[in-house]
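Novice: Residue numbers (the working numbering), protein chains in the order written: chain A, 1 to 368; chain B, 1 to 278.
Be a bit skeptical, because a hint or two may be false.
In silico lysine-lysine, PhoX-like type, Cα no more than 25 Å apart, as pairs [said to hold, decoys possible]:
hint, chain 1, residue 1, chain 2, residue 2
1, A, LYS111, A, LYS128
2, A, LYS73, B, LYS173
3, A, LYS128, B, LYS81
4, A, LYS47, B, LYS173
5, A, LYS177, A, LYS167
To be clear, the hints were calculated from the coordinates, so they are not data collected in a lab.
Residues per chain are reported as follows:
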Amino acid sequence: MAKINLKNISKHYGQVIAVRDVTLDIRDGEIFGLLGPSGCGKSTILKMICGLEDVTEGVIRIDDMVVNHLPPKDHNVSMVFQNPALFPHMSVFGNIEFPLKVKGVRREARKQKVHAIAEKLRIRDLLKRYPHELSGGEKQRVALGSALVTDPHTLLLDEPFSNLDAKLREELCREMKDLLSTLNAVVIYVTHDQQEAMLMCDRIAVMSPGLVEQVGNPTFIYHHPCTRFVAEFIGSPCINMFTSTIVPHDRGYGFTFGETVIPILVSGIQEYIHRRVVIGIRPEDIVILDDIERGHALTCVDKVQPMGHETFLTLFVAHQKLIARITGFHPVRVGDTVTIRLNIEHVHFFNEAGECLVSTTKPQKLKE
Amino acid sequence: MRKISSYRHPITWVVGDAPSSSVSWLYLFLLFTVLFPLWEVFVRFEVADFSLFSLPSHIATTLWQLVTSGELVEHGIASAKRVLPGLLIGTAVGFPLGIGLALFPHLASVSEKVMALLYATSKLSVFYVFIIWMGIYEAPKLGITIWITVLFQTTLSFFRCRALLYGRENIDKGMHEMILMAINMGVSRWQLYRDILVPLLLPQLFFGLFLSSSISWSLLALTEQTGTMRGFGFLIQEGHEMVEIELIFAATILLACCNLLSWGVIRLIEKQVLHWRQ
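So that you can see chain A by itself, here it is in the shape it has in the complex (with noise of 0.2 Å):
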């Protein structure tokens, strides 16, 4: 049991500052991720986390302790690395041992111990085994098992699964999830890929470089990105960015949308008005429609991509390059001209430097 707690943490290299005055506050028991590109300071925020890094400003606070000083035993916190990093000259066995007889379990104890964690992670065929016998996956689950066997408060993960193939990752992933609620720990999830995130964290916090975006439950975020950058790393296929200007509408207001101003729903985006503003819509939420009167535009096909269970249409609305999702397959080809239509209620609103101005998500549906 435990919860973490990072105040106004820096790190600089020399020159290079790392991670920028991030603050995080994470729950007991939760699986936390932090989701961000190459080399945005993720890995470096778990490296400080376990002791491995020092801090170069800010507090970290482990239960309530502060442990910026503290080697990094003391932390009592595991860290399992994107590389598995199992010692090649110990077998499974040994590789699991070994963290107990570093804290001088005695041999029975242990052994029990690793028989246990071998159930668990159902490796236990392989405890005879030496690394380079394994396959990435299981190489994977034994690192987890040396991590897990010391009932570590705190579970550390650098894109753990980052190096396996889409399927068994996905198959890890979930296998996962089940094993990882069940423990009496925090886990902290660095990882590049989203989609990952989604399926594995409880909360997520998207980072761009050296700074954290926002934080969140998954599905919070993807509908309500709090900056463009947010917008765009999660979601695939991306989340199409266009620029528009607010104009009045009716009663209300409106953006424009090739030569169709489409309403808008929410209040908020007023002081906008006659000025230019970034329209972020998911693909998903870009229809076609057979009806001409109640489309947006009138557009040509430029790319059809059938992905099997769903096809990605790439088109263009003055200019601007759009991507629609559409469930199943679609018999429309390159060049065929469509009507599309946005979906009002998804539509996020951001200004030039990227700030999120208004989504028309509505909240009430999603609780933070």
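Following the hints, position chain B against chain A.
Specialist: Just chain B, lined up with the frame of chain A:
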């Protein structure tokens, strides 16, 4: 014709196929059956000077005489006694010492410089110092092998170990992460030494053995020139004094064979010990 199922290395598209092992042995055989008769003919017809180049047949006869008279075994054992214990003692001392030094930063900072100095010191002058200290007989001959082995093993394991501990560029990232993981677990210096560094650096030990074995065997040609009547080095010396050039050739070949033999043995032991490598 190439078999369809056989694996083909991509570089063969540029440089062509490698010969099979039987063909490569055949090449070697051809080389000798052409080279030696040619050499023999050249010398016999006095194209080359007999006193400088000897005759392959004479060298072969000399080798054969060494075998039949039992001298080969006698000299071989004498030489091996000056090399093999040295390699063992030197490794037993040097390898753990190098890793141990790396684990004490203050000691390491000094030994780094001292090692560079010692490594650069002439092995020959050390031999002459040993003669003055220990007399001209067996002690300095074994001593110099121990010295060379300790020097190689210490230096190699020390620098490799430091790179591993501090995560220098020439170490692969996964290896350094192992160390980080161990720090995270809270290993003591002794546990790090015994359970992780010594076994992880074992490949380095064998590399050190290869090196020191080569240098030690070849240095015999020099160290056995004084204070002994046995050993291949002594044979070379004798050949030199009696102007028996075929004896020099024969002893040189034998020294090379001994070196190759030690490599083979080291390889064999390496395979046994490092079974955990792919």
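Novice: If a hint holds in the structure, say so; if it does not, say that too.
Specialist: Evaluation of the provided hints:
| no. | hint | verdict |
| --- | --- | --- |
| 1 | A:LYS111 with A:LYS128 | holds, 13 Å |
| 2 | A:LYS73 with B:LYS173 | holds, 21 Å |
| 3 | A:LYS128 with B:LYS81 | violated, 41 Å |
| 4 | A:LYS47 with B:LYS173 | holds, 15 Å |
| 5 | A:LYS177 with A:LYS167 | holds, 16 Å |
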